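Chemist: Single-letter residue listing:
Protein chains: 2
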Amino acid sequence: MKLSESEENYIKSIYNLQIKTEKVNTNSLAVFLNTSPASITDMLKKLKSKKLLEYKKYYGFRLNEAGNTEALKIIRRHRLWEFFLVAKLGMEWDKVHDIAEELEHVSSPELINRLDAYLGKPKTDPHGDPIPDERGKVVLLKQKPLKDLAMKQNAIVSSVSSQGHEIMEMLNHYGIGIGSQIKVLKSFEFDGSLQIKIARKPECIISGMAAQNIYVYDN
Amino acid sequence: MKLSESEENYIKSIYNLQIKTEKVNTNSLAVFLNTSPASITDMLKKLKSKKLLEYKKYYGFRLNEAGNTEALKIIRRHRLWEFFLVAKLGMEWDKVHDIAEELEHVSSPELINRLDAYLGKPKTDPHGDPIPDERGKVVLLKQKPLKDLAMKQNAIVSSVSSQGHEIMEMLNHYGIGIGSQIKVLKSFEFDGSLQIKIARKPECIISGMAAQNIYVYDN
DNA sequence: AAATAAATTTAGACAAATCTAAAAATAATT
DNA sequence: AATTATTTTTAGATTTGTCTAAATTTATTT
Ligand SMILES: [Mn+2]
Ligand SMILES: [Mn+2]
Ligand SMILES: [Mn+2]
Ligand SMILES: [Mn+2]
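In the order they appear, the protein sequences are chains A and B.
Here the first sequence is numbered in our numbering, starting from 48 and rising by one per residue.
Here the second sequence is numbered in our numbering, starting from 48 and rising by one per residue.
To be clear, the hints were calculated from the coordinates, so they are not data collected in a lab.
Given the structure is predicted, the values throughout are model-derived calculations rather than measurements.
If chains are identical, the list can't say which one is meant, so a pair holds when it fits in one copy or spans any two.
Cross-link-like lysine to any residue pairs, in silico, SDA-like; alpha carbons within 20 Å at most: (1) Lys142 - Ser155; (2) Lys142 - Ala164; (3) Lys142 - Ser154; (4) Lys244 - Gly224; (5) Lys135 - Asn160; (6) Lys142 - Pro156; (7) Lys135 - Pro169; (8) Lys135 - Gly167; (9) Lys135 - Ala164; (10) Lys230 - Ser254; (11) Lys135 - Asp163; (12) Lys142 - Arg161; (13) Lys135 - Leu166; (14) Lys199 - Glu236; (15) Lys92 - Asn115; (16) Lys67 - Gly107; (17) Lys142 - Asn160.
Please construct the entire structure, taking both the sequences and the accompanying hints into account.
Modeler: Next up, the structure:
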């Protein structure tokens with residue numbers, strides 16, 4: 048299936064939102080893609096006509112099997128390029144998303160499979176997100192938002208929400224990265240902020256917003 | 048200057064044709080880009096309005112200084128990616144052009160300069176064409192078509208016309224590559240074909256067409 | 001159950017990039 | 001110099017992706 052850059056961006060966004068929120072709606076997709084709701088409706092019709100999406104007017108929409116497959120191909124390309132930019136070109140993890148957003152649309156399978164092999168078939172991208180394999184299989188980590196981590200439980204930072212570089216900029220400042228050992232010392236009900244301890248770093252406090260967008264797995 | 052993918056393809060094509068033929072005309076550009084002459088005229092107007100092109104109706108057109116600068120940026124990206132695909136991913140030199148044709152439109156300067164450094168600031172792409180440096184400077188080789196090489200003169204293959212993979216496919220078959228030592232043994236006036244000797248290969252005969260698209264420098 | 005609010009879709013417009021067919025300008029032949 | 005041929009441009013359509021404003025449907029309040 049040959050898809051335009053726009054179609055690919057929509058498909059990938061729907062996929063990514065479906066993971067986090069189960070039910071995606073027109074308005075939230077419009078906000079996410081920074082377009083108007085009317086444009087979303089237009090594209091939904093097109094993706095339906097290409098049989099990548101189940102869609103009933105006013106009722107809702109959802110990628111079907113074919114749509115999912117396409118989404119995973121795009122995500123594979125995106126994450127492999129992000130890995131390349133960090134591992135080979137030495138770019139910062141908070142700068143690679145926008146470039147990968149363009150590179151992901153170059154769709155030669157030979158290119159991507161060679162890139163994958165060249166990079167040593169990495170399992171996750173620089174933000175901790177899993178890279179689908181050639182057949183579209185993706186291993187989901189048993190992770191949870193830091194805000195749901197039990198008090199004083201040791202855990203490892205596994206990923207961060209990767210839309211936008213702002214969170215990574217901040218984590219760089221705190222010295223938090225993928226793989227950091229982390230523990231919650233205190234939770235403030237007032238605003239959901241957390242006092243935390245990163246291995247070999249001084250204690251610090253992060254906002255509830257941050258605690259929702261940092262993911263960890265138990266250790 | 049932010050340019051669309053189409054604008055970039057037109058600019059690059061005009062630049063490449065201007066090198067070979069001095070005067071480019073609407074029809075030949077249309078053939079080269081596989082579009083209609085009407086589309087060429089439309090784009091000429093747009094590029095003129097963006098001040099990248101000198102253009103007078105019916106009279107002719109030519110990239111100006113700004114247009115040249117843009118062309119060299121695109122060509123730099125194209126050739127660096129081609130080098131990457133061959134040197135790092137191990138692709139064949141006759142397969143990389145089409146992929147680079149897409150990658151060249153990803154225009155982050157940081158990406159390209161890091162890629163350049165990572166590849167060791169290569170001077171030429173896999174087809175022997177020079178890679179412009181960051182400031183757009185390009186070192187032209189003193190090369191000539193193989194058909195103009197004096198009889199029995201030792202020479203080195205320096206580049207091949209790189210539009211389309213067909214010539215490279217054929218050269219692979221003959222065992223000719225960039226850097227091959229080559230000598231013309233005999234020239235047939237009838238059809239311009241040449242009997243040649245490649246170092247450590249058996250003698251063979253190539254067509255006049257081929258002899259026009261293989262470039263060499265004296266040795 | 002009405003009324004109001006929110007979400008979604010339609011109607012109609014626009015810019016970009018392309019096309020075909022016709023017109024206009026230039027070049028080449030007789 | 002006229003005629004014919006070639007090249008180039010214009011006129012008018014089409015497709016894709018987008019928008020705003022209005023209409024429609026669904027959800028929420030009173
Ligand atoms: Mn993208
Ligand atoms: Mn990522
Ligand atoms: Mn291109
Ligand atoms: Mn090349």
